[in-house]
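Could you build the full structure based on these sequences and the hints that come with them?
As a plain string of letters, each chain reads:
There are 2 protein chains.
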Amino acid sequence: MVGRLIQTAPSAYQYPLIFKQLWHTPRVQAPDQEIVYRDLKRQTYRQTRERIGRLASALSKAGVEPGDTVGVLEWDSHRFLEAFFAIPMMAAVLQTVNVRLSPEQIAYTINHAGASTLLVNDEFVGLLEGMKGQLPNVKRMIVMSDRPAPQTGSLSFIGEYENLLAAASPDYHFPDFDENTQATTFYTTGTTGLPKGVYYSHRQLVLHTIAGLALFGMAGSQGRFSRDDVYMPITPMFHVHAWGFPWSATLAGTKQVYPGRYEPAMLVKLIKSEGVTFTHGVPTVLQMLLNAAAAAKVDLKGLKMVIGGSALPKALAKQAMEAGIDIFAGYGMSETGPLAAVSHVSSKDLSGDPDGEVEFRTRAGIAGPLVDLRIVDPDMKDIPHDGKSAGEIVLRAPWLTQGYYNNPEGSEQLWAGGYLHTSDIAVVSPGGYVHITDRIKDVIKTGGEWVSSLQIEDLISQCAGVAEAAVIGVKDDKWGERPLALVVKKPSGADDVSDAVIKEHLKVFADQGVISKYGIPGTILFIDSIPKTSVGKINKKELREQYGDM
Amino acid sequence: MVGRLIQTAPSAYQYPLIFKQLWHTPRVQAPDQEIVYRDLKRQTYRQTRERIGRLASALSKAGVEPGDTVGVLEWDSHRFLEAFFAIPMMAAVLQTVNVRLSPEQIAYTINHAGASTLLVNDEFVGLLEGMKGQLPNVKRMIVMSDRPAPQTGSLSFIGEYENLLAAASPDYHFPDFDENTQATTFYTTGTTGLPKGVYYSHRQLVLHTIAGLALFGMAGSQGRFSRDDVYMPITPMFHVHAWGFPWSATLAGTKQVYPGRYEPAMLVKLIKSEGVTFTHGVPTVLQMLLNAAAAAKVDLKGLKMVIGGSALPKALAKQAMEAGIDIFAGYGMSETGPLAAVSHVSSKDLSGDPDGEVEFRTRAGIAGPLVDLRIVDPDMKDIPHDGKSAGEIVLRAPWLTQGYYNNPEGSEQLWAGGYLHTSDIAVVSPGGYVHITDRIKDVIKTGGEWVSSLQIEDLISQCAGVAEAAVIGVKDDKWGERPLALVVKKPSGADDVSDAVIKEHLKVFADQGVISKYGIPGTILFIDSIPKTSVGKINKKELREQYGDM
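Listed in order, the protein sequences are those of chains E and L.
UniProt numbering puts the first residue of the first sequence at 1, with every later residue one more than the last.
UniProt numbering puts the first residue of the second sequence at 1, with every later residue one more than the last.
The set of hints was computed from the structure by calculation and includes no laboratory data.
It is possible that part of the hints are untrue.
One copy or two, it doesn't matter: identical chains are merged, so the pair holds either way.
What the hints assert, rightly or not - Calculated pairs, DSBU-like style, for lysine-lysine (alpha carbon to alpha carbon, straight line, at most 30 Å):
id	residue 1	residue 2
1	Lys-348	Lys-269
2	Lys-507	Lys-381
3	Lys-475	Lys-318
4	Lys-272	Lys-537
5	Lys-478	Lys-297
6	Lys-301	Lys-348
7	Lys-503	Lys-269
8	Lys-297	Lys-61
9	Lys-20	Lys-348
10	Lys-41	Lys-348
11	Lys-381	Lys-61
12	Lys-541	Lys-314
13	Lys-20	Lys-381
14	Lys-532	Lys-61
15	Lys-507	Lys-297
16	Lys-490	Lys-503
Note that the structure is a prediction, hence the values are computed from the model and not measured.
As structure tokens, this is what we get:
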């Protein structure tokens with residue numbers, strides 16, 4: 001035996017890390033705090049906690065048992081937040097269905113997860129009608145709607161959400177159970193093959209919740225989250241639990257605002273009218289927000305925003321800083337809870353000079369509490385933290401998915417060598433900042449060197465007149481691969497940009513040694529738009545299929 | 001089975017919540033951050049982590065095995081911090097010996113904990129010489145000293161701390177093990193009977209560490225702890241792990257300052273020279289600090305200080321606020337880790353008006369994350385949170401001691417009804433603020449009413465010329481009990497205060513209904529000093545023995 005074990009048999013003392021424990025503090029300290037849904041609904045924490053009890057009672061009455069999977073097809077709302085708690089708290093499994101996948105993929109994920117109950121926003125009735133006969137495990141569906149009379153089409157529902165809640169008891173007895181009980185599942189939006197299911201236990205998500213508050217609380221003067229903030233997600237709740245913030249915000253007792261489907265004008269309106277101070281999203285969302293705010297002449301000064309999902313381009317970050325947004329990057333993925341690292345800038349690195357700060361704000365961040373983040377070579381040997389040497393990021397933390405659901409082979413690969421493999425290539429600075437240089441499969445191998453497609457994209461996007469750029473490797477007999485750039489011009493500055501201008505721009509960096517000369521794309525194609533995945537990332541798989549043989 | 005259990009067999013994924021995990025982030029993000037010991041020593045986190053490896057190697061070479069108990073007799077120092085990590089990280093048990101207990105009690109606690117190894121600051125050599133033959137389990141001792149040649153007296157030590165570290169390898173392999181392994185033990189300073197041992201597992205203290213950071217991080221504009229702070233304890237490390245802050249500060253990567261033995265001039269000097277911004281202590285320590293700062297003409301503006309252990313008197317809190325200290329109370333005890341509640345004042349209650357704010361700053365606080373804090377009647381029924389009705393505080397949280405060491409009867413009482421009983425009587429406001437009105441045994445039952453001795457003490461201490469006050473119940477044939485006040489006058493304002501002045505002062509509050517008229521003490525005695533326990537609390541047991549029959 002190593003050490004002296006403390007008795008852990010069931011006893012008065014036992015305190016499992018399960019979701020219901022997140023409610024002790026807010027229910028006492030913030031009973032009158034608000035949860036807001038668009039301009040349609042306001043309710044207090046007290047009412048929210050009551051409705052969570054009602055939802056559990058209603059589901060239980062409908063036949064949902066502990067261990068059953070309940071899928072939710074919904075935009076970000078107070079109802080989704082209620083499901084975020086009620087379903088796991090009754091020891092059932094919450095499946096957050098990614099409604100942006102193709103209908104075939106959505107049906108696949110519902111079937112693969114074994115969901116037997118669905119909560120469905122009536123905007124998705126048409127989608128489900130198209131899946132008739134393809135969801136053999138689904139026993140019952142409940143419809144949710146913003147309309148007085150929900151659209152049900154040809155589907156049969158056991159009831160409407162509000163009616164069922166009104167008829168149910170708020171006093172559901174949420175039991176204690178093992179903290180390793182599964183709480184949630186959702187599917188990755190990997191750009192290769194079928195979506196893969198990841199899954200999390202109560203213990204993992206409770207630890208993620210408090211570690212998230214610790215991480216965002218102990219920040220210096222920048223990027224902090226406190227109970228005085230007003231929180232709104234702009235990463236969908238169906239995607240990695242909106243980064244876990246709905247749970248952290250609840251535990252902190254903050255005001256929360258849910259924007260429904262992401263409509264730029266509504267987002268900007270809610271930021272203004274509800275005083276939103278903290279949000280998060282992918283770079284595309286930030287760009288959309290900046291445009292919409294400019295159009296509506298709304299000031300975003302004082303808004304804090306974490307960017308994840310894709311690298312935060314420096315040009316975009318500077319644009320956000322100019323708009324007064326406290327912008328910074330984070331790092332994580334579906335498999336990692338997602339919290340792995342956040343670019344809280346050390347006070348000493350907060351120069352006040354936008355050009356200096358942007359270097360730190362756009363890095364993927366510093367590892368969060370309890371996160372063992374290494375960069376390693378293919379033999380799992382550590383790469384030095386010198387800001388130059390690159391390796392794959394591998395992780396250990398208390399909240400990483402144990403594997404892919406019903407996929408032992410994928411799970412074994414994911415956890416090879418006892419660490420979760422991210423497939424991201426990064427350098428780490430002596431101060432601990434992680435800088436992602438590429439995805440393993442997106443690295444371009446040319447002339448015996450590795451060229452980071454992300455870095456070339458970032459440099460091209462800094463040229464005047466460039467709206468967006470993607471760089472992929474294309475086969476080349478002599479060099480192995482050569483970079484190909486796909487560039488979208490800005491409508492307003494199209495004349496400023498050309499093949500020659502971009503190459504000249506990159507040559508300056510190559511001459512300075514910032515990039516290899518092999519990094520200058522041989523070919524630059526101007527296209528109308530760059531294809532994106534369902535969560536707004538550049539779809540390199542599609543680009544490679546289309547242009548890879550050029 | 002409740003719910004769907006996730007596989008928890010040992011696997012690549014397993015991540016036990018053990019102390020070594022606290023070092024992942026700071027070792028990468030803050031390797032050059034400083035740990036300071038008085039004006040004697042400065043070392044970086046990198047060096048500290050190395051010395052932790054060396055200490056474990058040295059202890060292991062000396063024969064310390066997993067499960068063994070290692071006692072430490074030391075003032076707050078970098079060495080104690082190293083022991084805080086190295087001993088638990090090697091799966092041994094750290095006993096923080098309370099060196100302020102009587103020699104008999106110290107010997108009792110070392111024997112009762114079964115410590116076989118002691119780390120001893122040479123200031124305690126004389127103390128240990130007096131225990132010769134009374135410590136039969138102790139197999140080996142290591143001496144620590146600030147002097148070039150430690151004083152060893154007639155004791156035999158296996159070596160000196162620095163020499164042993166210098167000869168040992170920094171590369172100790174800290175193993176993984178069950179998170180329920182015991183990490184620490186220490187003894188309560190209960191004013192009745194023998195000291196009682198409490199004990200904590202790795203899981204409990206790791207959870208306490210991150211929840212502490214979450215609690216102090218998500219605070220609003222007041223009382224926040226961040227990685228930009230400079231931390232110094234003024235609650236001894238032998239007492240409830242200095243409230244766990246040494247671990248939280250390490251995880252946050254903050255600068256840490258250890259003051260050794262608490263000498264007022266040194267404390268003030270370190271606050272000034274090292275830029276200390278965050279500390280904690282009992283009210284007596286705050287008073288000492290204010291006096292010493294005034295004497296040295298040192299400005300304490302900007303210092304944040306949590307007060308616990310005893311109620312924070314309003315008069316003292318206002319004095320601290322006038323000195324520019326961000327002062328606020330916390331609540332916890334040896335049995336509770338100690339984190340239970342902290343009086344982070346809601347932004348809406350931060351009026352800027354000292355008289356208004358002091359009401360909130362002096363309350364025991366709002367329950368921390370994951371803390372299930374109830375006030376209950378003797379039948380465990382909940383008392384409403386109306387700011388008026390009083391009940392006993394009972395708690396559940398993931399880091400409460402499972403019981404008293406080798407004391408099944410005491411443990412059963414402690415956990416009666418599935419909650420830890422604090423023996424503290426409190427009211428809770430609708431906003432969640434806990435206000436301790438008394439200890440169960442200190443409540444004065446008079447004329448059929450319960451009078452809070454704490455409240456009367458607080459009111460008396462607000463009279464000009466009063467330095468300190470204690471109130472106890474004395475037997476009375478007619479009323480059951482009657483309050484007796486014991487008052488120490490200020491040297492400078494002794495003439496302002498008298499029996500009549502105090503009674504008149506209290507009568508105003510009785511007329512307003514703030515206190516019962518039975519709360520006005522029949523007798524007021526002026527005495528030279530009020531006896532304190534080893535951790536600076538008013539020793540009511542001694543007062544009752546001396547004055548209880550008056």
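How the hints compare with the structure:
1. Taking the shortest alpha-carbon separations for Lys-348 and Lys-269, only the inter-copy value of 25 Å comes in at or below 30 Å, while the best intra-copy value is 35 Å.
2. Taking CA atoms no more than 30 Å apart as the test, Lys-507 paired with Lys-381 passes in neither setting, with 34 Å inside one copy and 76 Å between copies.
3. In this homomeric assembly, Lys-475 and Lys-318 never come within 30 Å of each other (Cα to Cα): the closest approach is 35 Å inside a single copy and 74 Å across copies.
4. In this assembly of identical chains, Lys-272 and Lys-537 lie within 30 Å of each other by CA distance solely inside one copy; the values are 27 Å within and 51 Å between copies.
5. In this homomeric assembly, Lys-478 and Lys-297 never come within 30 Å of each other (Cα to Cα): the closest approach is 53 Å inside a single copy and 76 Å across copies.
6. In this homomeric assembly, Lys-301 and Lys-348 come within 30 Å of each other (Cα to Cα) both inside a single copy, at 23 Å, and across copies, at 22 Å.
7. When the C-alpha separation of Lys-503 and Lys-269 is checked against a cutoff of 30 Å, the pair qualifies neither within a copy, at 41 Å, nor between copies, at 60 Å.
8. Taking the shortest Cα distances, Lys-297 and Lys-61 never come within 30 Å of each other, neither inside one copy (49 Å) nor across copies (70 Å).
9. Within a single copy, Lys-20 and Lys-348 get their C-alpha atoms only as close as 40 Å, which misses the 30 Å cut-off; across copies the closest is 28 Å, which meets it.
10. For a Cα distance limit of 30 Å, the shortest separation of Lys-41 from Lys-348 across copies, 24 Å, qualifies, whereas the shortest one inside one copy, 43 Å, does not.
11. With identical chains, the CA atoms of Lys-381 and Lys-61 are at most 30 Å apart between copies only, with a shortest distance of 29 Å across copies and 54 Å within one.
12. Taking CA atoms no more than 30 Å apart as the test, Lys-541 paired with Lys-314 passes inside one copy only; the shortest distance there is 24 Å, against 66 Å between copies.
13. Proximity of Lys-20 to Lys-381 under the C-alpha cut-off of 30 Å is restricted to the inter-copy arrangement: shortest distance 20 Å between copies versus 41 Å within a copy.
14. For the identical chains of this complex, Lys-532 and Lys-61 are neighbours neither inside a copy (42 Å) nor across copies (59 Å), given an alpha-carbon limit of 30 Å.
15. Taking identical chains as interchangeable, the C-alpha atoms of Lys-507 and Lys-297 are never at most 30 Å apart, the minima being 38 Å within one chain and 61 Å between chains.
16. In this assembly of identical chains, Lys-490 and Lys-503 lie within 30 Å of each other by CA distance solely inside one copy; the values are 18 Å within and 81 Å between copies.
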